[in-house]
Amino acid sequence: MANECETKFITQKELAERWKCTEGTIINFRKRGLLSYFQLPGSKKILYPIDEIIEIENQHIIMKGGDKPKAEVKRVKPCVSSTVKEWRM
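Quick note: the sequence shown, position 15, residue 15 per the working numbering, numbers continuous.
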C-alpha cells in the first residue's frame with residue numbers, strides 16, 4: 001500500500017519545458033526564493049514539488065476573455081501624400 005503523503009517531484013529540466021522557459025530562469029526563480037525545492041546533501045540534482053508548481057500555475061493563470069476591457073478600435077482617415085512633388089525656391 002502506497003503512502004498517501006508521498007510528494008511527487010519534477011526535475012529542473014521538466015519544469016523549464018513545462019513553463020516554456022530556460023533552466024536558467026528556473027534557477028533564478030529558485031535563488032530569489034520563489035520556488036521550493038529538494039536537494040539531497042552532496043547531490044547536484046534538484047527537484048521541485050509538483051503540488052507547489054500546480055499551485056503557482058493556478059495563482060497566475062490568465063483566462064482568455066476575462067473581466068479586462070477590450071481595446072477600442074479607432075477609425076481614422078488615412079494620411080496619403082500627394083504623388084506630385086512641389087518644388088519651392
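Derived by calculation from the structure, the hints in this document are not laboratory data.
Among the hints, a few may not be true.
Here are the computed lysine-lysine pairs in the DSSO-like style, where the Cα-Cα straight-line distance is at most 30 Å [claimed, not checked]:
1. K31 <-> K13
2. K20 <-> K45
3. K45 <-> K13
4. K31 <-> K20
5. K44 <-> K20
6. K8 <-> K31
7. K8 <-> K20
8. K44 <-> K31
9. K45 <-> K8
10. K45 <-> K31
11. K44 <-> K8
12. K44 <-> K13
None of these values were measured; they are calculated from a predicted model.
Going through the hints against the structure:
| no. | hint | result |
| --- | --- | --- |
| 1 | K31 <-> K13 | holds (16 Å) |
| 2 | K20 <-> K45 | holds (20 Å) |
| 3 | K45 <-> K13 | holds (10 Å) |
| 4 | K31 <-> K20 | holds (19 Å) |
| 5 | K44 <-> K20 | holds (22 Å) |
| 6 | K8 <-> K31 | holds (21 Å) |
| 7 | K8 <-> K20 | holds (20 Å) |
| 8 | K44 <-> K31 | holds (15 Å) |
| 9 | K45 <-> K8 | holds (15 Å) |
| 10 | K45 <-> K31 | holds (15 Å) |
| 11 | K44 <-> K8 | holds (18 Å) |
| 12 | K44 <-> K13 | holds (13 Å) |
Every hint, counting from the list given before, is met by this structure.
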